[in-house]
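Asks: Protein sequences appear in the order of chains A and B.
Oh and the first sequence: position 369 is 369 in the numbering used here, straight run, nothing missing.
Oh and the second sequence: position 108 is 108 in the numbering used here, straight run, nothing missing.
Be a bit skeptical, because a hint or two may be false.
[Said to hold, decoys possible] Reference listing, derived: stretches of chain B covered by chain A, where coverage requires no fewer than 3 residues with Cβ under 8 Å from a Cβ of chain A:
| # | region |
| --- | --- |
| 1 | 52 to 62 |
| 2 | 68 to 81 |
| 3 | 106 to 118 |
[As the list claims (entries may be wrong)] The calculated label-pair distances, taken between Cβ atoms and stated as ranges, are:
| # | chain 1 | residue 1 | chain 2 | residue 2 | range |
| --- | --- | --- | --- | --- | --- |
| 4 | B | Gln110 | A | Val565 | 40 to 46 Å |
| 5 | B | Asn54 | A | Gln140 | 24 to 30 Å |
| 6 | A | Thr719 | B | Asn160 | 55 to 61 Å |
| 7 | B | Gln110 | A | Gly492 | 30 to 36 Å |
| 8 | A | His317 | B | Lys6 | 55 to 61 Å |
| 9 | B | Glu142 | A | Leu495 | 35 to 41 Å |
| 10 | A | Met208 | B | Lys102 | 17 to 23 Å |
[As the list claims (entries may be wrong)] With a cut-off of at most 20 Å between alpha-carbon atoms, the simulated DMTMM-like pairs for lysine to aspartate or glutamate come out as follows:
| # | chain 1 | residue 1 | chain 2 | residue 2 |
| --- | --- | --- | --- | --- |
| 11 | A | Lys422 | B | Glu165 |
| 12 | A | Lys474 | B | Glu165 |
| 13 | B | Lys6 | A | Glu101 |
| 14 | A | Lys183 | A | Asp129 |
Since the hints were derived computationally from the structure, they do not count as laboratory data.
These figures come from a predicted structure and were not determined experimentally.
Each residue gets a CB set at the ideal place from its N, CA and C atoms; glycine is no exception.
Below, each chain spelled out in residue letters.
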Amino acid sequence: MDSTDNNNIVPPVITTTSTSTTSTTTTATTAAATTATTNAAPSTVSSGGATNDQEDVGVSNASVNESLAGLSHHKQGIPDGSYRSVDVNGQWIANKLKEREHLYTEKKNMTIFLGTWNVNGKKPQEPLDPWLCDPAMPLQPDIYAIGFQELDLTAEALLLGDTTRSLPWEQKILESISNEYVKIMSRQLVGILLCVYVKKEHRQHITMERSDIATVGIMGMMGNKGGVAIRFKFYNTSICILNSHLNAHLENILRRNQDMKDIAKNIKFVVEDNNIITMFDHDQLFWIGDLNYRIPLPDAEVKEKIKKKDFYSLFLHDQLYQQMKSGAAFEGFQEPPISFAPTYKYDAGTDVYDSSEKKRTPAWCDRVLWKTSKTAENVGILTYRRHELLSSDHRPVSGSFIIKVRAVIPEVKNRIYQEIVKELDKKENDSMPDATISTNLIDFESVKFMVPVTRTIVLENVGQVIARFKFIPKLNEKILCKPWLKISPFAGIMLPKEKITIELTVYVDSTTSYAFNVANETMDDILILHLENGKDYFISIMGSWKPTCFGNTLENLVRYQGPLVGTQPMPVEQKKLSIPKELWRMVDSLYSNNGMAEENLFIVSGVSKEIEQIKECLDTGTPFPAFSNHSMAEVIIRFLEALCDPVIPFTLYQQALDGSSAVLSCKTLVSHLPSVNYNVFFYLISFLTEVLSHHDQNSLSADKLAIVFSTVLLRPSPTNSALVQQSTDATIVKKKADFIKHFIHSHNNI
Amino acid sequence: MNNNNKIFQFKLVLLGEAAVGKSSLVLRFVRGHFLDYQESTIGAAFLAQTVCLNDTTVKFEIWDTAGQERYHTLAPMYYRGAQAAIVVYDIRSQDSFERAIKWVKELQRQGSPNIVIALAGNKLDLAAKRKVETAEAQQYAEENGLLFMETSAKTAQNVNELFVEIAKKLPKTPNPRPGSGRLPIPPIENNNQRKKPCCSN
Chain A
1 MDSTDNNNIV PPVITTTSTS TTSTTTTATT AAATTATTNA APSTVSSGGA TNDQEDVGVS
61 NASVNESLAG LSHHKQGIPD GSYRSVDVNG QWIANKLKER EHLYTEKKNM TIFLGTWNVN
121 GKKPQEPLDP WLCDPAMPLQ PDIYAIGFQE LDLTAEALLL GDTTRSLPWE QKILESISNE
181 YVKIMSRQLV GILLCVYVKK EHRQHITMER SDIATVGIMG MMGNKGGVAI RFKFYNTSIC
241 ILNSHLNAHL ENILRRNQDM KDIAKNIKFV VEDNNIITMF DHDQLFWIGD LNYRIPLPDA
301 EVKEKIKKKD FYSLFLHDQL YQQMKSGAAF EGFQEPPISF APTYKYDAGT DVYDSSEKKR
361 TPAWCDRVLW KTSKTAENVG ILTYRRHELL SSDHRPVSGS FIIKVRAVIP EVKNRIYQEI
421 VKELDKKEND SMPDATISTN LIDFESVKFM VPVTRTIVLE NVGQVIARFK FIPKLNEKIL
481 CKPWLKISPF AGIMLPKEKI TIELTVYVDS TTSYAFNVAN ETMDDILILH LENGKDYFIS
541 IMGSWKPTCF GNTLENLVRY QGPLVGTQPM PVEQKKLSIP KELWRMVDSL YSNNGMAEEN
601 LFIVSGVSKE IEQIKECLDT GTPFPAFSNH SMAEVIIRFL EALCDPVIPF TLYQQALDGS
661 SAVLSCKTLV SHLPSVNYNV FFYLISFLTE VLSHHDQNSL SADKLAIVFS TVLLRPSPTN
721 SALVQQSTDA TIVKKKADFI KHFIHSHNNI
Chain B
1 MNNNNKIFQF KLVLLGEAAV GKSSLVLRFV RGHFLDYQES TIGAAFLAQT VCLNDTTVKF
61 EIWDTAGQER YHTLAPMYYR GAQAAIVVYD IRSQDSFERA IKWVKELQRQ GSPNIVIALA
121 GNKLDLAAKR KVETAEAQQY AEENGLLFME TSAKTAQNVN ELFVEIAKKL PKTPNPRPGS
181 GRLPIPPIEN NNQRKKPCCS N
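Based on the provided sequences and hints, a complete structural model is requested.
Replies: Here it is, written out as structure tokens:
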């Protein structure tokens, strides 16, 4: 239930300020967030275990949608709460958009050419056409990714990071590929260079280009071995290309396996929303380079098989094939079938395998591998070949593939986006609470002093959701309603179709009557009934108040020469009556009606019907009907009791009690009363003295009268609850009576 | 490519004399329908609706207010913190136009700084009974830097257009949290820092 204090409205804290679906750095979840905001193709990782922390992909779209839908529901209808985050809605829409991607995208076949060549430190000599523009290639590729190793074997490159050697090679590439291409990016790590080009027509569909390097050289610093990676999004498909040079030598299989894993672990990209992803968070991952795996067979046997073009039986001994098969490295990667002779090691410039003393056995060092994520469509192999460029001790290799990408149809995407936004609006609006209210106007009609009037309104939940309602204060006000009105309940909750009756009760007593009797305020107000996260209802309150001498002030009453009803008060500066005429009328009528002789006058209660008639006559000025003296006596008491401020004002209450045992201090206090109060006080004292002079008939005593009258003449302020509580204690009652008795006695003695 | 993943959120309030068609404009815009007999709004109704522009998306949190004069004093609760306001009049009623001008003045005085105000002459379908000339309202709007359109909630004429124009004119700041840091000075001196009336508790 809501707090009863409506002023301290504390907005609920919804922790949705974080913009991404997750703030963890788990690669899998960040990848999910990335795709959610950028409409990338599904890029959750599907590795078979090469990096075993990739398996649990974390956040599913469905669960994100669910939780976000829940959040957005709570956020509705809060006009300017600064905690409200719109990013949540944006996320939700992005997720929905992603779900419907197939509706606004079309599949396109794209070709990618990946080339790798260990140039053995040579500068470019021959044209690269036989490698990059092989007439055997069926299509002009849409993307070229060209990797080199051992571009630069100089000490400067190793130690100083000099990369000037790449320029002539890039120049050479441009001479071969047509001017229809534009470079996306190139990245170099000492001797390892990777350059990626795309057909100009596709340039605008290449986004989020990033690159990274990973060294595995001596101490991980020297960079003579390692990898260079470039990633980007091609239409909606994320592509990562890694060019590496792994450790050499026949026996270093485990070293190469470890190099591969180190590179895979160390390559990181920062993409949208500061998410960090790895190579494996891509739809298509290509791993090319001089991987340096060898064929552990006798040199002669290898050469014999090469001569016979028995590549298949040779391949069965290939270290990389063995490692991949056993899952020791490159797990989940694939390679097109090899139908070409080993590309290493030649005597440079010849077609002769190594004739040096070392006589290195030929090997397929230079490879092109790929790995497609589980959620993406696998690539199609076009070609996997070696090319006869002779200047190095390696032959260049290339692999060409078909990649299916989804291209966005902007108009359709726009339309679907708008549909989703409208859907969300509709759901938001439909899930707002709604209620009907039986009336917007409550008329209490005629309201009398201390007579409660109750009216009801019925609120019905006609919405689809739970409705929480509460009355709220107006702008810059602290209270829900005027003090004379009570609302019950002022807050609550309704299930759909449920009704609730709210009672509004007007009750005017001496604490609230001043506004109407003296300040002439009208009985009008507007209440605001607020449905949480929804609309507000205004309820107008009205009632008519007849001026009355009950719940009035002495100061105000003496300004009326005629009855309160129908007479205008005299201007403040004009001469006033010495005491309220209502008091005089009542006392006078007791005299005339032989009230002094009435037994137990002021002790016995009156007749309530007569009391109401007498009160009415006092306010209207009409003659009293026949009445019993007890009724009249009771009205006198009630009149005094109802005064907004008693004859001995609230401010003097404590002082009067403190001095009640001393006649002098009591008299001093009374002598300082405002003149009207002073007059009324002595008028009443004279009257009581007169009453006492008839004690033979009325059997009253000074004690009895003092107790009755002190209770109404000497009252604590109702706002001081401690004093109010004490005021019925025997000692206090006695003190109050003592105060009055001093005067009755002294008067008697005069 | 559109960039409409960026959503900017604004609070918009409708003000104007009773029965000029504030609720009908909102219902036409949000729900796409029109009721010949639209109940009088006694209170304030809240609805949300999003407008997709070419490059951004604008989400309106719309507060439709009671037009009756007796509720005038409660209006600041609703236009406080609003970045946009539509002040509506009935083209058949000069009085409603005068009242609209008063609302505009009140917003200029007490509304959010830089509030985007649109003046809407509604019930264009009843132009035969026109009392407020287009040129007159147009001129007033121009002089006061207001957007201006004559609309018909009944025929839907210019209703979407009105909201789209407002959406275009609103500043797309990087932090589109409504109300933050730009609350107007409360009309009555009071230290009581009550939050919005409509905050959930």
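Asks: Decide, hint by hint, whether the structure agrees.
Replies: Against the structure, the hints come out as follows:
1. By the rule of at least three residues with a Cβ nearer than 8 Å to a Cβ of chain A, the coverage given for the region 52 to 62 of chain B holds, with 4 such residues.
2. As drawn, the region 68 to 81 of chain B meets chain A at 9 residues by the rule of a beta-carbon pair under 8 Å; at three or more, the given contact holds.
3. Only residues whose C-beta sits within less than 8 Å of a C-beta in chain A count toward coverage, and the region 106 to 118 of chain B has 0 of them, not enough to reach three; the restraint is violated.
4. The given range of 40 to 46 Å is respected by Gln110 of chain B and Val565 of chain A, whose C-beta atoms sit roughly 42 Å from each other.
5. At about 35 Å, the CB distance of Asn54 of chain B to Gln140 of chain A disagrees with the hint of 24 to 30 Å.
6. At roughly 58 Å, the beta-carbon separation of Thr719 of chain A and Asn160 of chain B lies within the given 55 to 61 Å, and the hint holds.
7. In this structure the hint that Gln110 of chain B and Gly492 of chain A lie 30 to 36 Å apart at CB holds, the actual value being about 33 Å.
8. The supplied range of 55 to 61 Å is met by His317 of chain A and Lys6 of chain B, whose beta-carbon atoms lie about 57 Å from each other.
9. At about 52 Å, the beta-carbon gap between Glu142 of chain B and Leu495 of chain A misses the expected band of 35 to 41 Å.
10. The supplied range of 17 to 23 Å is broken by Met208 of chain A and Lys102 of chain B, whose beta-carbon atoms lie about 54 Å from each other.
11. Annotation: proposed proximity of Lys422 of chain A to Glu165 of chain B holds, straight-line Cα distance about 18 Å (limit 20 Å).
12. With a C-alpha separation of about 32 Å, the suggested pair Lys474 of chain A and Glu165 of chain B falls outside the 20 Å cut-off, and the hint is violated.
13. Of the pairs offered as hints, the one joining Lys6 of chain B and Glu101 of chain A holds, with about 18 Å between alpha carbons and a cut-off of 20 Å not exceeded.
14. Restraint check: the Cα-Cα separation between Lys183 of chain A and Asp129 of chain A comes to about 18 Å, which is no more than 20 Å; the hinted pair holds.
In the structure shown, a violation is registered for the earlier hints numbered 3, 5, 9, 10, 12, in ascending order.
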